[in-house]
Amino acid sequence: MKKSIMSFLVAFAMANPWAFAGVVPGTVNGARITPNRVNATVVVVGAPGDAPDASSVFTSSGSVVIQSTTTTATHELLDVENTANASIVSFQVNGAALFNQQSGVGNFQVQSDNMANAILVDGTNDFVGINDASPDAMVDVIARTASSSGVVITAAGSQTADLLSLRDSSEARLISVDASGNAVFTGYVVDRSSFQVTGNEASSGRMVQLQPTTGANGALIHFRNTTGDFYIGSDDSTGGDLTGVAYANAIWSVSNTSTVLGTNNTERMRIRNTGEIVFGVSASTVIYNGASGLEWHDPDVAGNVGGISSGSNDLTIAAANNRNVRVDNDTRNVLFVSDTNGFLGINDTSPDSMEDIVMLNASSSGTVITAAATPTADLLSIRDSNEAPLFFINAIGHAVSSGTTPALTNCGTSPSIIGSDNSGKITVGSSAADTCTATFGTAYTNAPACVFSGQDANDILGSTTTASGFAFVTPGAQDISSEVISYICMGVDR
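Its first residue numbered 0, the sequence shown is counted upward by one per residue in numbering that gives the first Met the number 0.
Careful, some of the hints might be misleading.
[What the hints assert, rightly or not] Computed Cβ-Cβ distance ranges for the label pairs, DEER-style:
hint, residue 1, residue 2, range
1, Ser168, Ala117, 26 to 32 Å
2, Lys424, Ile356, 33 to 39 Å
3, Ser254, Ser133, 49 to 55 Å
4, Gly149, Gly103, 28 to 34 Å
For the record, the hints were derived by calculation from the structure and aren't laboratory data. These numbers come from a predicted model, not from an experiment. Even for Gly, the Cβ is constructed at its ideal location relative to N, Cα and C.
Please construct the entire structure, taking both the sequences and the accompanying hints into account.
As structure tokens, then:
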């Protein structure tokens, strides 16, 4: 009953302030109603018998001033109730303001000069809108203008806590922005993806765009785990951010671990922490090493290593153990190096000599050597193990045989010889007998076929040839001193 009287008096005083002009303050259930100013109704709520504090009643102008003289925090300064006497809106002594205490479907709306829904609490959907009349999320913000930000969070002078923190239902941090502006992703989902971006930009298909701020020109993504740091991105104009190369696009590991690339859930390439680049399903089929060149490892035979290297400026092609080296075109083996004996085959996969050539067809040449415009060196030179010429064709096409030279006996006094075991000229010495013998510097396996000719038709009457040398007979008592005898010998077998 007392509460109903109090409510009536408050309502009546607010509606008819003139009715209390000159009324001496009285006590109604612990409340004093004191109208002391035109256009103002003052309600002072306190304990029963308390006197109003006239010095602070009118600290602000308005139609209604409510002042408490009690320190009980939960006492209500103003209580708006429904027909069931249940609070709908209340203002408490401790400054708390409670709206929609009965969980009705009505909205709470705050208007500003330019926004009808500066703040809107949707009583039906339980969403909060800022400049949004129909929020569809817990907090839904629409920027006021195209040039104004939606949400701005400004750090304190010595901020240590996160500026923004998104958490799961157990309050574990998922995504946060720390005081330095670093975005940290620490959450997880069942597919092991810590961060997922879904989008649809029709013009370019970009899902994520990283762009440096004004004054900067590098953009890097930084990954970190317990072993170290890994970067993907673009370096700045001097390469000073990461690589040392201006504007370099980089995949860069700072840690001493390998970098792996794969397709179809299978490893295809690996950059080892020591610098080798490994290709292949087995991660050991082909290896590029900056120091030794390109290697390939036989996945079927342990230790079989082949490769291409360019150490000391030489290009070396080496097959793995028990593997041939082949250079093919569409139809044949252009070059073939046998793993068995090291022989080179040209259009031949079974070479049986150091160089074995199989003619391509009946009308093609086996080997063609074309001289330069002004040749000086030999076109063809066959040499012994000491690099001494044995046979050569010089730059103008003359065939010259060389090698060891025969020794002369019974050829007169001071004979001379120019040539080799294959061909040459003998100048007979003075006081020559009727015979002259030449012993080959290197004996043939069998007697060669030799041909002799003299300056005169009758200088030579006959000759004999063996594997070790030859002899020719001159007419008896005929002076052939200083005569020149030419010879050509060719072996008949090996």
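inquiry  = Taking the earlier hints as the rules, which of them does this structure contradict?
reply    = The structure conflicts with no hint, since it agrees with every one listed earlier.
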